[in-house]
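> Chains as they are written, first to last, in this note's numbering: chain Z, 1 to 356; chain B, 1 to 334.
FYI, nobody ran anything at the bench for these hints, they're computed from the structure. Quick caveat: nothing in here was measured; it's all calculated off a predicted structure. Hints are supplied without guarantee of correctness; some may be wrong.
[What the hints assert, rightly or not] Across the chosen pairs, the derived CB separations fall in these ranges:
1) Ala-132/Z / Leu-171/B: 21 to 29 Å
2) Ser-268/Z / Val-31/B: 28 to 36 Å
3) Glu-149/Z / Leu-152/B: 36 to 44 Å
4) Pro-146/B / Ala-132/Z: 22 to 30 Å
5) Val-156/B / Glu-281/Z: 23 to 31 Å
6) Phe-58/B / Asn-131/Z: 52 to 60 Å
7) Leu-152/B / Ile-347/Z: 53 to 61 Å
8) Glu-281/Z / Phe-58/B: 20 to 28 Å
9) Pro-232/Z / Pro-28/B: 16 to 24 Å
10) Ala-84/Z / Ile-313/B: 41 to 49 Å
11) Ile-209/B / Ala-132/Z: 52 to 60 Å
12) Glu-226/B / Ser-268/Z: 56 to 64 Å
All residues carry an ideal CB built from backbone N, CA and C; glycine is no exception.
Read off the chains here:
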Amino acid sequence: MEDAGHWKIGLPLLILCSLLVVPVAWAETRTVTDSAGRTVEVPETITRVYAAGPPASILLYIVAPETLTGWPRAPKREERPYIAEPYRDLPATGRLTGRGDTANLERVLDTRPDLILDFGSVRDTYISLANAVQGQTGIPYLLIDGRFENTPAALRLVAEILGVPERGERLARYVEQTFAELDAALAEIPESDRPRVYLARGPDGLETGLKGSINTEIIERAGGRNVADPGPGSERRGIVKTSIEQLIVSDPDTIVTWDPNFFSLIWSDPLWAGITAVRRERVYLSPIAPFGWIDRPPSVNRIMGLKWLAGLFYPERFGEDLRTETRAFYKLFYHVDLDDEELDRLIAWAEGQPGD
Amino acid sequence: MSAPLALTLLGGAVIVGAVAAALTGPFPITVAQFFDAVAQRFGDQPSGADPRIDTILFSIRLPRIAAALLVGAALAGAGTVYQGLFRNPLVSPDILGVSSGAGLGAAIGIFLSLPVFAIQGLAFAFGLGTVALVYLVATAVRGHEPTLVLVLSGVVLGALAGACISLLKILADPYDQLPAITFWLLGSLASVRVSDVAGAAPAVLIGLIPLVLLRWRMNLMALGDEEAAALGIDPGRLRVLFVAAATLMTAGVVAIAGVIGWVGLVMPHIARLLVGPNFHRLLPTAMLMGAGFLLLVDTIARTMTTTETPLGILTAFVGAPVFIWLLASGRRSW
Chain Z
1 MEDAGHWKIG
11 LPLLILCSLL
21 VVPVAWAETR
31 TVTDSAGRTV
41 EVPETITRVY
51 AAGPPASILL
61 YIVAPETLTG
71 WPRAPKREER
81 PYIAEPYRDL
91 PATGRLTGRG
101 DTANLERVLD
111 TRPDLILDFG
121 SVRDTYISLA
131 NAVQGQTGIP
141 YLLIDGRFEN
151 TPAALRLVAE
161 ILGVPERGER
171 LARYVEQTFA
181 ELDAALAEIP
191 ESDRPRVYLA
201 RGPDGLETGL
211 KGSINTEIIE
221 RAGGRNVADP
231 GPGSERRGIV
241 KTSIEQLIVS
251 DPDTIVTWDP
261 NFFSLIWSDP
271 LWAGITAVRR
281 ERVYLSPIAP
291 FGWIDRPPSV
301 NRIMGLKWLA
311 GLFYPERFGE
321 DLRTETRAFY
331 KLFYHVDLDD
341 EELDRLIAWA
351 EGQPGD
Chain B
1 MSAPLALTLL
11 GGAVIVGAVA
21 AALTGPFPIT
31 VAQFFDAVAQ
41 RFGDQPSGAD
51 PRIDTILFSI
61 RLPRIAAALL
71 VGAALAGAGT
81 VYQGLFRNPL
91 VSPDILGVSS
101 GAGLGAAIGI
111 FLSLPVFAIQ
121 GLAFAFGLGT
131 VALVYLVATA
141 VRGHEPTLVL
151 VLSGVVLGAL
161 AGACISLLKI
171 LADPYDQLPA
181 ITFWLLGSLA
191 SVRVSDVAGA
201 APAVLIGLIP
211 LVLLRWRMNL
221 MALGDEEAAA
231 LGIDPGRLRV
241 LFVAAATLMT
251 AGVVAIAGVI
261 GWVGLVMPHI
271 ARLLVGPNFH
281 RLLPTAMLMG
291 AGFLLLVDTI
301 ARTMTTTETP
311 LGILTAFVGA
321 PVFIWLLASG
331 RRSW
């Protein structure tokens, strides 16, 4: 009797257990090759993805926002209106890569992601990090090349992995079309006629990104020439400090920044007054909501800045209506229908009035 | 070497160096253009030359040279005072946490996206505030060895400020604020302008007044508290005054230049080798050497490549080997 009793409870329990276990054990997996050439087994259906850094979170938000488990940092007040309703309230989950690691692996596991995604430079550091985290957590970790030119391919690849290939195709086509329009127009503009651009960073405007850095790729892509050029053959990249004398020597005819403090001071500063860009009033402030238009971080958000910059560099060729462009981009990429007030604020920002 | 001779030679070298530095830079300015510009500046002749030369010389290079001299002199002077006060040649101006405190102030300013003058103001205030706090803590603890307690409080609060800076670096936007904080902590004169020099100079001069007036008593402080007290001075009160003066000088220049190490540690050493430990001669010698050294380093920083090299890196590359050599040569007097 006792034995039979055990069986009466034991059998249904066993069946229940196998019901729970079987779907996991039988769950389809597929093999994906990431930009680093790593082959990774990922689940057939992916519903939750942890973004390893800010660029990855933007890529994910654009392609499949419902899979995003959180933002590397909570969206700020001025950014929130430009992120679609449920997603602006996602928690801050830290970052695994980028500059400095603030995520706790246990917390990452706690969000139960099916996948960890990183988007940016494919370097040995990040490859080893991907392998280490994947080995430690057992969660597949994909590394996607974040170079500007790779944007369409990255959109397609991530959309394919997340099971929304049509969306990826649509976004990739948009980017390819933007690139193609630019290339067609730029083909007629010789190098010497292109604007000489300085990207001013930092509160004093004296930090910049060297030509060839991921932070300044957009300048060349939009048809400008970066004045912070270490010269041919130099392998130097990245963010550097420069001096006002060096800038007077390089004499850029166009300056782009996203720092409102610097932007408001440059007009009255006697040291900057002699620089061609200031004399010709060709200093521009980039909006940074919800993400930077030209950089900060270097992700798909730069496509918005590409259209804007090309319009500033060559107003006669890219004279499309910035309002229409912005509204369409924010709708397609950021899932938000901008009302007139929100759009006005962005356009005023792009025209040098950042508001409060 | 006799002190007047050393001072004359050093002063001459600094003046020659300053003129040479004014002629050096990415924008080519010839000697003739230099004197033309100076003549036009102080004469009434109408300017026929490139107006950029005027801007570069008088608004960019000369303020920057003045800043390099001021910062170097102040750091070396403060280092001399601290080394004498603590009777220890391994002491640098940031021993009581002034640099860490100033760094924290600047990091807060950058984190809050404040304009440059506010960042400098916060750096200055936090630099002074940290040392004041160190002094309060040391007084509250009241150990048997007042200098030791003071130094240890400085180390502790400096480390705490360093931890707060690290926290801000983690919270800061990695694409925007983090590089700015990092550059600030490495020190640079790249964005210095006349108003910065005008802002920092009073702090340095005010700090210098008690040092010059009480230069003889500084020698007594180097004998140790008991002997100083036996000679009829109040070591506790003098120490507060000297620490306040040296801190004011350091905080004033760190606010405009960022954190620049090694100058305040190494320059007093070499000056001591040159003219001996008498504070009366040591202070001006060390200050002149600091001024000349930072002028040299800053000229390298702005001309070595087309971008700026942070000063803190260059001073470390020069300072560390020199310091090791000084340690090996085994001089012990201060």
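> Hints first: check each against the structure and report whether it holds.
Hint-by-hint comparison with the structure:
Between Ala-132/Z and Leu-171/B the C-beta distance comes to about 25 Å, which sits within the given range of 21 to 29 Å. Between Ser-268/Z and Val-31/B the beta carbon distance is about 33 Å. The supplied range of 28 to 36 Å therefore holds. Checking the proposed 36 to 44 Å range against Glu-149/Z and Leu-152/B shows it is violated: the Cβ atoms sit about 56 Å from each other. Between Pro-146/B and Ala-132/Z the Cβ separation comes to about 50 Å, which falls outside the hinted range of 22 to 30 Å.
About 52 Å separates the C-beta atoms of Val-156/B and Glu-281/Z, a value inconsistent with the hinted range of 23 to 31 Å. For Phe-58/B and Asn-131/Z, the Cβ-Cβ distance of about 57 Å falls inside the hinted range of 52 to 60 Å, so the restraint holds. For the hinted restraint 53 to 61 Å between Leu-152/B and Ile-347/Z, the CB-CB distance of approximately 58 Å keeps it satisfied. With their beta carbons about 25 Å apart, Glu-281/Z and Phe-58/B fall inside the hinted range of 20 to 28 Å.
The hinted range of 16 to 24 Å is satisfied by Pro-232/Z and Pro-28/B, whose Cβ atoms lie roughly 22 Å apart. At about 45 Å, the CB distance of Ala-84/Z to Ile-313/B agrees with the hint of 41 to 49 Å. As the Cβ distance of Ile-209/B to Ala-132/Z is approximately 58 Å, the hint placing it in 52 to 60 Å holds. At about 59 Å, the CB distance of Glu-226/B to Ser-268/Z agrees with the hint of 56 to 64 Å.
Of the numbered hints given earlier, the model fails hints 3, 4 and 5; all others are met.
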